[in-house]
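Which chain is which? The protein sequence lines are P and B, in order. Reminder that position 135 of the first sequence reads as 135 in full-length UniProt numbering, one-by-one numbering, no gaps. Reminder that position 225 of the second sequence reads as 225 in full-length UniProt numbering, one-by-one numbering, no gaps.
With the C-beta cut set under 10 Å, the calculated list includes, among others, these residues of chain B facing chain P: (1) G14; (2) L16; (3) Y19; (4) P20; (5) D23; (6) D29; (7) K30; (8) D63; (9) C108; (10) R110; (11) G161.
None of these hints come from the bench; they were simulated from the model. The C-beta atom is built at its ideal place from N, Cα and C for all residues, glycine as well.
Number of protein chains: 2
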Amino acid sequence: MVVGLGQCSLDILGSLGQYPPVDSKCDLDKVLIQGGGPVATALVTLARLGVPGVFLGCVGDDDFGRRIARGLEREKVDCRHLLVESGASSQFSFVAVEQDGGRRTIFCHRGSCRPLIEDDLPAEMICSSRLLHLDGSHPAAALAAARLARANGVITVLDGGSWRPGIEELLPLIDHLVVSGRFAEHWVPGRPVQEILPVLLGFGCQAATVTNGEAGSHTQSRDGESFHLPAFSVKSVDTTGCGDVFHGGYLFGLLQNWSLLRTVRFSAACAAIKSTALGGRTAIPTLLAVEDFLSR
Amino acid sequence: MVVGLGQCSLDILGSLGQYPPVDSKCDLDKVLIQGGGPVATALVTLARLGVPGVFLGCVGDDDFGRRIARGLEREKVDCRHLLVESGASSQFSFVAVEQDGGRRTIFCHRGSCRPLIEDDLPAEMICSSRLLHLDGSHPAAALAAARLARANGVITVLDGGSWRPGIEELLPLIDHLVVSGRFAEHWVPGRPVQEILPVLLGFGCQAATVTNGEAGSHTQSRDGESFHLPAFSVKSVDTTGCGDVFHGGYLFGLLQNWSLLRTVRFSAACAAIKSTALGGRTAIPTLLAVEDFLSR
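Excised from the complex, chain P in its bound form:
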């Protein structure tokens, strides 16, 4: 079983010709409303690949929260431990996506839900799972969950999107660090990724990967394995959620006990396929679709 603890949000995506200057008005050609959030979308990916997981997080009891929960349940993500906070507003993002090339600008509202704490965690479920996926949100609960995981031989994976206070405490409890270039930059500003990876490994993980969108990814393991994978070349329509989907693929690879190289290549394929349609989840592939893509 896979347990994910992190953010979930409602994304309103609008596609447009060109991102407008301040104080002007522009028309959106298309609007799409769907769930988002790093851990939530990683679990949706995993479910489409055939492995339903359990999501731990929080929504408000508003229209947006109901849509978030409905979206996860429809994808067969187990939401029985999703906290619904009375009177709170759910996390929401408006994402402006340029039609040509898929550059996206995100306006994110964190909402007013309280972060989960240790007492909110289904401890037994975490202890008996194979993987725990985190995104650095709900810091107190994430720390408690990672400690439980470590004590019970559960493999931990962290999606490091942007640096957050308190993340240093979490890092030594993580087995697989898969982080954005922006997150990596925080530790060794202005240095090439080859110098950043050893720093990340220094926190004690088994493997660290830095993803950089179209520039591909760099991976290094504690065993000395090291490789760069270019991104797959596809006609990208929307890069929203590409990182989240990469993580879903990575979790899948870990479950299969694949080599690191095969896992990262599979993850990159999932992300590339996802980018071919508007929305963070629209084009998340099935296992068959990824295999087909990789065999071309």
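Using the hints, position chain B against chain P.
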């Protein structure tokens, strides 16, 4: 009775420090969801001033459409002729508002509702009303409604926001043109407003006003009256909907048979008060509040 025929939308307003560059991510400090649209918000203004009107327009049978209708009904705007189109998506805008100064950038999706046509109009209701307010949307229905109004001595007012094809047909049927600087620019590009007003009067209206936000408004009447009013000085938080609220005040002045000067001054006060809070409708004043503001 006042009948308004035009746009209604759902606005999601997010306040932020500074409008972000393309391809970045920014946090919204506050999010507010409320109804918008030129004619719909003008009717909300009129209702708060004490005169409930009838709204003619269209929404989809989606979450957004239900919120739009609920918002109008709560403000005592008569929605019995609001068309709810099955399977269509409602008009929606995301509005990014800078905290300092209230500059707003609008991302608008027109939705997929069909425009109203002549057969959708409650003809008797229009014929027996005192005022008909239009915003140039639903062109075929607007033209038919304006003809009915003209034939039955109903005063017509047009909110000209941006120029639309077909508006030339409508203009000769309008008694009061209250348009944005951008709309005026279409007719006489690059000329000072003093030269634009006679052009607008040339379409046959009784009075034409061009509003220019903080630069105030210019008005000219067929009788030769002409004046410039500076905008009231207030601490502006959000300029969304200021034009719509100006129109609501203008409709109110017409109903009272006030002089043009008094009507425009009252309208400008309504718009100024509105700008002091986030949202197109949040701070729309009551009659008492406008009188208090003007007597200071």
